[in-house]
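Model the full assembly from the supplied sequences, consistent with the hints where possible.
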Amino acid sequence: MRFNEKELVSLSRQPSEMAAELGMRGPKKGDVVKKRLVKLVVNFLFYFRTDEEEPIGALLLEQCRVEREDSQSFSITFLDEAERKYLFECDSEEQCGEWMDSIIKASYEFMRKNLIFYRTEIHRLTGKDPLEQYGISDETRFQVSNGLQLAPSATSSL
Amino acid sequence: MNAGSSGRILICDSDKVMKKVNRESFEEKMKLNERSVAHYATCDSPPDKTGFLFKKGERNTAYHRRWFVLKSNMLFYFEERDGREPIGVIVLEGCTVELCESAEEFAFAVKFDCAKARVYKMAADSQAAMESWVKALSRASFDYMRLVVKELERQLEEIQEAAGGGCAGAGVAGLQGRPKLARRNYVSRSRSGASSSSSSSSSLSSSCALPMSIPSSAQKSIKDEVHRENGVAWSKPPVALANGFVEGGSSCVAWDGCADSGNSIGIGDGARAPPVPPRRRGASLESPVSPGTVCFSKLHDWSCTEHLMNVKITNIEYASRHISVMRSPTCWLAVVLRWMPVRDNGEHCCHFKMPTVENQNVDVVHMFPKATQDKSSKYFLAVSSLKPANAADLINQEIKKPNAFSVIQLLSSDASFSVTLGKLFD
Chain U
1 MRFNEKELVS
11 LSRQPSEMAA
21 ELGMRGPKKG
31 DVVKKRLVKL
41 VVNFLFYFRT
51 DEEEPIGALL
61 LEQCRVERED
71 SQSFSITFLD
81 EAERKYLFEC
91 DSEEQCGEWM
101 DSIIKASYEF
111 MRKNLIFYRT
121 EIHRLTGKDP
131 LEQYGISDET
141 RFQVSNGLQL
151 APSATSSL
Chain V
1001 MNAGSSGRIL
1011 ICDSDKVMKK
1021 VNRESFEEKM
1031 KLNERSVAHY
1041 ATCDSPPDKT
1051 GFLFKKGERN
1061 TAYHRRWFVL
1071 KSNMLFYFEE
1081 RDGREPIGVI
1091 VLEGCTVELC
1101 ESAEEFAFAV
1111 KFDCAKARVY
1121 KMAADSQAAM
1131 ESWVKALSRA
1141 SFDYMRLVVK
1151 ELERQLEEIQ
1161 EAAGGGCAGA
1171 GVAGLQGRPK
1181 LARRNYVSRS
1191 RSGASSSSSS
1201 SSSLSSSCAL
1211 PMSIPSSAQK
1221 SIKDEVHREN
1231 GVAWSKPPVA
1241 LANGFVEGGS
1251 SCVAWDGCAD
1261 SGNSIGIGDG
1271 ARAPPVPPRR
1281 RGASLESPVS
1291 PGTVCFSKLH
1301 DWSCTEHLMN
1311 VKITNIEYAS
1321 RHISVMRSPT
1331 CWLAVVLRWM
1341 PVRDNGEHCC
1351 HFKMPTVENQ
1361 NVDVVHMFPK
1371 ATQDKSSKYF
1381 LAVSSLKPAN
1391 AADLINQEIK
1401 KPNAFSVIQL
1411 LSSDASFSVT
1421 LGKLFD
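Taken in order, these protein sequences are the chains called U and V. Per the working numbering, residue 1 is the first one in the first sequence, and the count goes up by one each step. Per the working numbering, residue 1001 is the first one in the second sequence, and the count goes up by one each step.
Watch out, some of these pointers could steer you wrong.
Label pairs and their in silico Cβ distance ranges [to be verified]:
| no. | chain 1 | residue 1 | chain 2 | residue 2 | range |
| --- | --- | --- | --- | --- | --- |
| 1 | V | Gln1160 | U | Asp138 | 23 to 31 Å |
| 2 | V | Cys1043 | U | Ala20 | 28 to 36 Å |
| 3 | U | Ile104 | V | His1064 | 32 to 40 Å |
No wet-lab data here; the hints were simulated from the structure. We put the CB at the ideal spot given by N, CA and C, even for glycine.
Below is the structure:
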């Protein structure tokens, strides 16, 4: 599958609050733990060899599960490949917790759920749709029903 | 060597390890959890938009018809509608979506702001489809979603606090949610006798409406008018920003001696300044600020280094002013605004003209002031959209809305000012 690598590399260079050297082990049998600079940017987890500018790789953090493995490490598994785990070893329990929390919140779908929650709640409390003033009420991605809008402007171009 | 379908070649390096490398550079290609990404494309979660589009090929520059699926900030494309696996994906972060000049009708382009970035050219089947896609793609980024979430989070906190009968009065004024506008702000010094009408209604007349899809002819004229040079500071201190995105204290700069703090527009519950909400525990990792108080004032601190463009507009005539703003590299759109002449009673208003097409969706610009050390101000722009059919409706609509948009300062005829576009999040 093709992807816009250059742009992803550029994305990986953006400043991020969550960036640290962690031990990382890939999901393949025989993979060992290696020291990597792990960086969270939008919904991607980039990993670099220490002191290298370009990332070795990226993980899109959608449809994944984050689990605690032991007091200082956690794993990421993707729902389509539950047996393949990416393991991350942190320096402390606290750091481990922070990373787990951050990764869970880094997913676009997680944000979308929050948005829908806030939108519904604000509407419940005030009777008004908070998105209306910005003119984005009909935007598909903000829909409570979580489905494609049937309004002509939002459906497929077919 | 095997040629991969995506420009990748497998080589065996000296350690006898098979690595994928780029065809062009023979550098190791970045890894991605492709299988899972492809799965995301086809899994049950509903897409944000789907449809056929023509996409210009990379090597083969013909346009190929592909089935596109937009999910969150990922634009997948399939060879066919029933394709099991996408041929490719375009990650939509740090890009702008623009109309483009092309032999193809209804063409638009997704452009990235990085070195040697690719431009993805696409074409739709109709004007409506094109506009719909441009809009959907412009709002697809994670940053945009984050922006909206933070705004709603802030609103909810405000509501909850107001409902909770929290502290009245005290607290830092105007830090959030309270638009601070004063009608008088629109009066230029050179015009005496400008009326000061009621503060609550008309400030919003200064808000800016922007056409979302600027036809290419208009885009050209925007470019003509705008010089990308170092901006010149505002010749006058700007008014505090409408939608409450005002830095604590110092940024509430008055003009024409007009006090700023009192003129908040009530949002139905009175003009009481909201108490500062407590800093959220576990501040959001996505941005270096916590939602609530600090959030928008910190906007000013983010130095949008490579994303800033200073736009200098010169020769503004008093009676009819254009403020042209360039499209920034980060999806914030450019606008042409036209100021109407001053009315007989001395009132100023601004009208927004769509460059060519009637009934176009109009985008409204949020402007956030950035107070700099010399008290000049630069604005960050964000875009949302409204759907009024014409400018007059837009203005009326804005006057009704609290939390709407800020003032653009009226300047005397020989003044120039700059507008800085910035990305709201690092």
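Hints and how they fare:
no.: 1; hint: V:Gln1160 - U:Asp138: 23 to 31 Å; result: 26 Å, holds
no.: 2; hint: V:Cys1043 - U:Ala20: 28 to 36 Å; result: 30 Å, holds
no.: 3; hint: U:Ile104 - V:His1064: 32 to 40 Å; result: 38 Å, holds
The earlier numbered hints are all upheld by this structure, with none contradicted.
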